[in-house]
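Here is how the chains run, residue by residue.
There are 2 protein chains.
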Amino acid sequence: MGETGCYTYRIEPRDVDFTRQATLMALGDDILHAAGEDADRNGFGLRVLGANNASWVLSRFAVEMERRPAQYEKLRVETWVGDVSRLMTTRNFRVLDEQGNRIGAAVSYWAMIDLSSRQPLDLRNNPDYLKAVRDEPSPIEKPGRIARVEPSRTEAHRVVYSDVDFNRHANSMKYLEWMVDMLPVEWHTERVCRRYTLNFMHEARYGDLLDICFEDAPVSLFEVRNAEGTALCRASLEWK
Amino acid sequence: MGETGCYTYRIEPRDVDFTRQATLMALGDDILHAAGEDADRNGFGLRVLGANNASWVLSRFAVEMERRPAQYEKLRVETWVGDVSRLMTTRNFRVLDEQGNRIGAAVSYWAMIDLSSRQPLDLRNNPDYLKAVRDEPSPIEKPGRIARVEPSRTEAHRVVYSDVDFNRHANSMKYLEWMVDMLPVEWHTERVCRRYTLNFMHEARYGDLLDICFEDAPVSLFEVRNAEGTALCRASLEWK
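In order, the protein sequence lines correspond to chains L and X. Note that this note's numbering has the first sequence beginning at 1, numbered continuously upward. Note that this note's numbering has the second sequence beginning at 1, numbered continuously upward.
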């Protein structure tokens, strides 16, 4: 059975917003960073996959946080591989504070794709990967499918240099940043985002002109659309 | 005489662009982070100053890099306090690779301000600060004054939630990000930014509507203006 990997982070000045607490994006970055480190450690990281012309693609991501940790606070992210099906795998996370108290948890779905064909690869053919699977349930509800959004407000965004990562596609956490930037700024002091779910459907590329659509319901809903109106990413944010 | 502080960093996936090299912003962040850590260690960090209703304000910043380090590369940033005058102090930096070779250097000018009056404080009244001064010259040419820019292209930018830091002003490296995002994307593969200089004149606040002005000369020039046309920040970027 696979092991749980543990990775430590510190909330740095660049990770916090004006409340001096970590942004949702910085926390998501740390969680996804732990996923990358743990994949590396187990022999199926991006560097190994890249040599085989393959890569990981994040498909869905759900994060729940009790609170946003403060500047200079230290975190421990524990992560393990859950289920594996033919085309999708689950990676789970727990987020602990310095005293070992659980302050958050996350569940992510990933596909492994061939970089030439962009088609998913059968994960059951990867013995290293199967060895990492751990028989321990996901710590929170898995990320569900988000239905089409009926926007009450829309903002345009051109995908720029600083949005894209090594494959010239927008970085996962940038979608969340574009969304959160549309919210009334007071929400960041008055509310806590208890849970968010992201669905990644198609990739936004450098230069794409996007619409960031916001449906201001009790659960905030977002949809990022390209110029043809195709939904690239959807999100739901629950507040308390 | 003050000591040189040493701080280590690793170039993480979120620090790189599509060339898998650290962005200028990520490198600048690491350098400024070392400044913050070193100030903390010497008793005049933001946390101590904040308790006295004071803060550091970055006034000018010049960075020279031989190359942009690659993803997962480790860096060492050495930093020390140079001159102190009544209203301004110099902090110097060397950037070393894992083998100890110098791959970059930087010089910054800072003022210490009273947070209520926004007026600069006399640095010569701070004995902890005077003790930290080190009689060692700046490793590169100091950041000069940049004259008014005659833009060939201008883009609008609204200062959003993710742009601002704890005082609801735009983070220093965000100005550089807005500028670099205007450059032709091929420059990041075809050219190396040998040196850049930033002049910070006034702060951009949450919600401000800015013009990012670009003068496409042999040395790229930028000016960030507010709605009244006041220059908030200027920059020059030299390429090779």
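Treat the hints as calculated values from the structure; they're not laboratory data. C-beta atoms are modelled at their ideal positions from N, C-alpha and C, and glycine is treated no differently. Mixed in with the good hints there might be a few duds.
Below, a sample of chain L positions facing chain X; criterion: calculated Cβ distance under 8 Å [unchecked claim]:
#	residue
1	P13
2	V16
3	R20
4	T23
5	M25
6	H33
7	E78
8	V160
9	Y161
10	S162
11	V164
12	D165
13	D181
14	D208
Calculated cross-link-like contacts (lysine to any residue; reagent style SDA-like; alpha-carbon spacing at most 20 Å) [what the hints assert, rightly or not]:
#	chain 1	residue 1	chain 2	residue 2
15	X	K74	L	A227
16	X	K74	L	R41
17	L	K74	X	R124
18	X	K74	L	F166
19	X	K74	L	D40
20	L	K74	X	P218
Evaluation of the provided hints:
1. Here the hint on P13/L is kept, as its CB sits about 6 Å from the closest CB of chain X, short of 8 Å.
2. Because the beta carbon of V16/L sits about 7 Å from the nearest beta carbon in chain X, less than 8 Å, this interface hint is met.
3. A least Cβ separation of about 5 Å between R20/L and chain X falls short of the 8 Å threshold, and the interface hint therefore holds.
4. For the restraint placing T23/L at the interface with chain X, the shortest Cβ-Cβ distance is roughly 7 Å, inside the 8 Å limit, so the hint holds.
5. Satisfaction of the interface hint for M25/L is found here, the shortest Cβ-Cβ separation to chain X being roughly 7 Å, below the 8 Å cut-off.
6. Hint status for H33/L relative to chain X: holds, with the closest Cβ pair at about 7 Å, below 8 Å.
7. With 8 Å as the threshold, the beta carbon of E78/L stays out of range of chain X, its nearest partner Cβ sitting at about 19 Å, so the hint is violated.
8. A cut of 8 Å between beta carbons decides the hint on V160/L: the least distance to chain X is about 4 Å, and the hint holds.
9. A least Cβ separation of about 5 Å between Y161/L and chain X falls short of the 8 Å threshold, and the interface hint therefore holds.
10. Taken as an interface hint, S162/L checks out: its beta carbon lies about 5 Å from the nearest beta carbon of chain X, inside 8 Å.
11. Interface restraint check for V164/L: the shortest CB-CB distance to chain X comes to about 6 Å, inside 8 Å, so the restraint holds.
12. Taken as an interface hint, D165/L checks out: its beta carbon lies about 7 Å from the nearest beta carbon of chain X, inside 8 Å.
13. The beta carbon of D181/L is positioned within 8 Å of a beta carbon in chain X (closest approach about 4 Å), and the interface hint is therefore held.
14. For D208/L, the interface hint is violated, the least distance from its beta-carbon to any beta-carbon of chain X being 13 Å, above 8 Å.
15. Restraint check: the Cα-Cα separation between K74/X and A227/L comes to about 40 Å, which exceeds 20 Å; the hinted pair is violated.
16. Note on K74/X and R41/L: the hinted pairing holds, with a Cα-Cα distance of about 18 Å set against a maximum of 20 Å.
17. For the given pair, K74/L sits about 35 Å from R124/X by alpha-carbon distance, which is inconsistent with the 20 Å threshold.
18. Distance restraint check for K74/X and F166/L: the Cα-Cα separation of roughly 19 Å lies within the 20 Å cut-off, and the hinted pair is therefore satisfied.
19. Between the alpha carbons of K74/X and D40/L the distance comes to roughly 17 Å, so the proposed pair stays at or under 20 Å and holds.
20. Our distance criterion of 20 Å between C-alpha atoms is broken by K74/L and P218/X, whose separation comes to about 45 Å.
Of the numbered hints stated above, those contradicted by the structure are hints 7, 14, 15, 17 and 20, listed in ascending order.
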